[in-house]
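S.K.: Residues per chain are reported as follows:
2 protein chains.
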Amino acid sequence: MQFNKIVLTFSLYILCGMVSGQEKTSYVNPMIGTVKMGHTFPGACVPHGIVQLSPDTDTIPHSINGVYQKDTYKYCAGYQHDDKTIVGFSHTHLSGTGHSDLGDILIVPVTGSLKFNPGTADKPDSGYRSRYSHDTEKARPGYYEVVLDDYKVKAQLTATERVGVHKYTYPEGEVQKILLDLTHGIYNYDGKVLWASLRVENDTLITGYRITNGWARENYTYFAISLSKPIKKYGYVDKEKPKYSGFWRKFDLQNNFPEIAGRKIVTHLEFDNNASAPLVIKVALSAVSTQGAIKNLEAETKGKSFDQIAAEATAKWNKELNVVDITGDIDKKTMFYTSLYHTMINPSVYMDVDGQYRGIDHNIHQVEGFTNYTIFSVWDTFRALHPLFNLINRERSTDIVKSMIAHYEQSVHKALPVWSHMGNENWCMIGYHSVSVLADALDKGLNIDKDKALEAMISSSNLDYYDGTGYYKKLGYVPVDKNGSGSSITLEYSYDDWTIYNTAKKIGNQTVADAYQKRALSYRNVFDHQIGFVRARLSNGEWKTPYNLLSTHGEGFIEGNSWNYSFFVPHDVKGLIKEMGGDKQFVQRLDSLFTMHLPDEFFAETEDVTREGVMGNYVHGNEPSHHIAYLYAWTSQPWKTQYWVREIMNRMYRNSIDGLCGNDDCGQMSAWYIFSAMGFYPVCPGTNQYILGAPYFPYMKVNLGEGRYLEIKADKVSDKMRYVKSVKLNGKPYTKAYINYDDIKNGAELTFEMSSTPNKKRLFNEDEKPYSLSK
Amino acid sequence: MQFNKIVLTFSLYILCGMVSGQEKTSYVNPMIGTVKMGHTFPGACVPHGIVQLSPDTDTIPHSINGVYQKDTYKYCAGYQHDDKTIVGFSHTHLSGTGHSDLGDILIVPVTGSLKFNPGTADKPDSGYRSRYSHDTEKARPGYYEVVLDDYKVKAQLTATERVGVHKYTYPEGEVQKILLDLTHGIYNYDGKVLWASLRVENDTLITGYRITNGWARENYTYFAISLSKPIKKYGYVDKEKPKYSGFWRKFDLQNNFPEIAGRKIVTHLEFDNNASAPLVIKVALSAVSTQGAIKNLEAETKGKSFDQIAAEATAKWNKELNVVDITGDIDKKTMFYTSLYHTMINPSVYMDVDGQYRGIDHNIHQVEGFTNYTIFSVWDTFRALHPLFNLINRERSTDIVKSMIAHYEQSVHKALPVWSHMGNENWCMIGYHSVSVLADALDKGLNIDKDKALEAMISSSNLDYYDGTGYYKKLGYVPVDKNGSGSSITLEYSYDDWTIYNTAKKIGNQTVADAYQKRALSYRNVFDHQIGFVRARLSNGEWKTPYNLLSTHGEGFIEGNSWNYSFFVPHDVKGLIKEMGGDKQFVQRLDSLFTMHLPDEFFAETEDVTREGVMGNYVHGNEPSHHIAYLYAWTSQPWKTQYWVREIMNRMYRNSIDGLCGNDDCGQMSAWYIFSAMGFYPVCPGTNQYILGAPYFPYMKVNLGEGRYLEIKADKVSDKMRYVKSVKLNGKPYTKAYINYDDIKNGAELTFEMSSTPNKKRLFNEDEKPYSLSK
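The listed protein sequences correspond, in order, to chains A and B. The first sequence begins at 1 in the UniProt record's numbering and counts up by one. The second sequence begins at 1 in the UniProt record's numbering and counts up by one.
For reference, chain A alone in the conformation it holds in the complex (with noise of 0.2 Å):
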């Protein structure tokens, strides 16, 4: 494990007291990841805030005269940990994608003469950006803090929901000076400003907006700025001349001229340095209007100081990770509780605090009954993040839904998400698996109203324009000469369209459940039997020749081969082992998965991962793949699902700042390791089913809310002690592959009797393996 200058601090952090050893907080780890492929960020934000206010080391425009720049991808959260300098401090970041974008409202505190550019990593003096090292570096949940060395300025960072607060101490008698650079961005290119306008309302208070065209095709940022102090002299650098013959050439824009438009401003604020009293700033957003981020400041901050919020923010994030309690060692709980508020970070509020929000129309709405939420990486969080919400925040997980439903009556295409962030729709990904996060919820008992809900969900897997979905309703499957991903695509419409299916059955609609039962064996139509592989078809009906099953691009895959994704039929195990040719050859098959050597040449296809995410063939840092080492449970050898499930969690989860060895896909990866943990994983999300691996901790409990806990026991458990001897449920003998959620959700205690080897006679008989569709 590598334990560098920032766990050390981190460490010691937490050693000195500064906050209570019981507190989970202390247990959280804002660092990991924030290298290589992670893509978190290490900033502060509260619980599902819209704003994480966080240290950019870099934004590589994604492109430099129409040239794609490969390294945008590396600043996806705009933090590299590796960086030597920090641009500054932005207000919005996505937390462990794959795609990068936000990166809004940048400010930067510094001293002496101005630069109105940022200036490169390799020459930082060329431009505003400051050296800094990570040993004044300290980030917990809520706060980060760090030194920007060029300036010798000393930053402080926390946030509320909708308001991010700024505290820089600068050295004494310096001149306080700030930067407000509305043309940064992450995923920017000359263009991404669509537009941005800045009014001093008055010494201390700053209002505008910016219009960008990033990967959010429009994204409309409104702000309010509180200062702690008066401005004492300010002005405005406009980096393209205004091709309007206005007459704003008036004017002195250099010279308190309160207000400013334009594509590419760069503000300078200047304070007096009031014996050096440290500057605390307030940037409060909103996607609606100015008066709506003012509303926002000042529900969430007036008359708070900077260290009350940063308290407040603290104890939001306690009162989070407190649904969870466990025991085990620091490392481990440090992997847990990260895990834990990596799974709360995204989805993101997304309305002012008087319930008026942007819609995917563009057009202001009033919430009426839910909080609405934005940043929904649907391909990745329908496996396990949303089934996590289901179980241990079902409030938040309604109004998650609620929010899916608006965005479908919303959508001009009477859709829900697929990848939508800041009221846009980025079509990102495939699949339409908002439907398994409606089946879900539904099954789960969440208060949404089901004909709705069933609504949305069949018109959503019927859009014959989208990704293949004609070719697919008409064919049975996507072929690959139509679309470069249709195998993997007929795979995740069969399982969504069993959610359609199964949710139609439980309301009464027989004629819906019906026509989607047959949907939801598609994936059929692409196995090929004479290989007992998923094999890219082409739309004559004939499978692609020659292929390849361990390459993805070309072969009708899309982040997962077909050693992988062959294995996508969380729905139909079952049908799935006859696919491939019966119990043996399925257990061969996963254990050649796991062992076999995937070589260099396509790892190199893999997307999003480090060589640590590949174990074997199996390869964990992306998403298809999650649910693979619990189909054991369907098999002869349930037990290599304890083996394995662990080797994972040990190997690609680790206290360190590279420690995840994949992008964390707004919680995914975490959601993963959080349900893993607890001894069980969602295989087939809509199913009232959770898999039964093996606890991580000795001992887990788990607030289900109401007063209902959740009590996992594993004595001895241990890397060594990682099989299941036998399980009771409520004291009495459980003898099942799975554990239904009725039988946990008015709360229980799940024991499991740990060994060092495998109980083989632990075997399932038919009536206790868990569900698939054909029988």
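Everything labelled a hint here was simulated from the structure, so no lab data went into it. No false leads were slipped in.
One copy or any two copies: either way a pair holds, since identical chains are not told apart in the list.
Straight line, CA to CA, 27 Å or less: simulated DSS-like cross-link-like pairs of lysine-lysine:
(1) K295 to K232
(2) K241 to K264
(3) K584 to K760
(4) K84 to K138
(5) K302 to K319
(6) K239 to K264
(7) K250 to K70
(8) K250 to K74
(9) K233 to K474
(10) K302 to K414
(11) K414 to K229
(12) K761 to K716
(13) K578 to K769
Fit chain B to the supplied structure of chain A, relying on the hints for placement.
M.R.: Chain B in isolation, oriented as in the chain A frame:
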């Protein structure tokens, strides 16, 4: 008089009895001013509606590759009668301005193969524009018709306040197509459109918006388009490769994909020809949202046919134009009612039917107790247009003033409008003349919050950074070495400050009155007593040397040379006479102004004016001189007003396409004509006095509202009988040089006895002469 085809068409139209001879709309010729400098548009609108649906014959970009294109100016209203082609029909137009903008949401009915560029006038086949003939063109208030020859499509246009309605009759059997070009605009350039977005909500409803950076710095135009028949097929051309690498490329934008967004979008739609039934398109605008546009669409046009809406538009115009009855010949009546028509286009209502509007702070506001208006060309319109509203349309005037006060409250500068449109301040031209508008409104008893108004007036006159105000306050004048228009500005600030003085005095705020009384005499600081003219002054107190009284540029003036501008002291004419050397010299000076020759080299410096707009050295095509012909009232030869005013009316207002001698300037030129035709003019808005000239018509009846009428009788008036022998007010001899508003506000009868020779005995005692600040 030029009597060409259009006038013929127009007259035939009346003769054919298509509208009743008594209807006032039959006397309106929207073609007047549509060539050369008039800058009026011929299209369809209703009184003060935000939609002005009109053909654009060209829209020269204001710059091509950074090079300014002077013909941009020619197309301020989008139409020049000389042009041989029509580009299409767009929904927003400024009326008579000297700066161009708008031209939003262009629709073109087409047939055959599609073209996505407008092409050029010299090569019309290179684009979608069409040839047309004035023979097929018909225009009346609220209605416009033309045949696009290249497509053989008859286009008929009408409007409500917020909806433009198109009726397109295609050739039988032809596939009916339209283009919706979201890149089109007046004052266009490559980059004016910051963003455009479009959704095909269903097969008869399209919504969308675009945000432009034109003359209006940020203009938000949302729309909802309802179609009378279902769209059969549609697609888009995005003329700019989208910069974001989102996943939109998954979709086929040419094949009925229901949304698009970008900077350069052209949409094409096809319809069933339905046995050639015409296509009716209703385009509702909103500055708030597409929701707002849909509300406007439904409230104003739901269930109504094109013919119904056109009939309602006519009825609205007749109602408004009915405010005045006159007797007179048809050409003069046409000029009169066309002028009245031109005073009723701008300002325009700027809010949705539910009272929501976009403020100058770009937040969405809800009106409370007023209707919000925009398009304030205040430097022009403070003179006669607002005073005219205060006489004949007090309710609208109240709303306009309340809109100005709302602007003030939302302005970061805490300033009333200077030149404002679509929620933007353009700061065009000089002065802070909204203070005059408020002062006159208060003087005429409109229901305005007096204290709030005074607060706004004081605040607007104290922006030190605005156009020399700081110097003006410090030095008593604006030095030309600091501001090229310093002398014009000094004169106009002096008058503006008088309105604040006078308002404060009436409210009883003596401190403010005293301060502004002093400021109101600042005009003296730019009068060079040596020469008796206003002269450019430097910041060191010295006069600029050399100087040229006939030149504008470089001499401290704008839109008027010293000869004209030296008369701009409307609030202190007695003081002015003194500055100029007494009565005799003053009269001689006035006489000379009207009769001397302005050499071509100096005419070249006048802006916005045709040669006909200059009489001697008197420039009527620009506004600074508009009051001058009335200044004889303060002298020993008051009858000369009667002579020159009628000369100006006869020479500079003609019922022909080129009948306007300069920009109509949102109705100011026309309002001058209306007042002058009534026989009096508000030389100094804010006083209670209208200065008497002589009526233009034998009989006029002006509806002052609430059953009150002003009758103006001048039985034998003619070009010959242009002189006033005597005046009676309500049958009693009236001997003053002016009438008070209070004398006529409850209705009155003004009777002028006319004569072919001046009544040189009709002289005014000191107490019968009009107001002057100094005695």
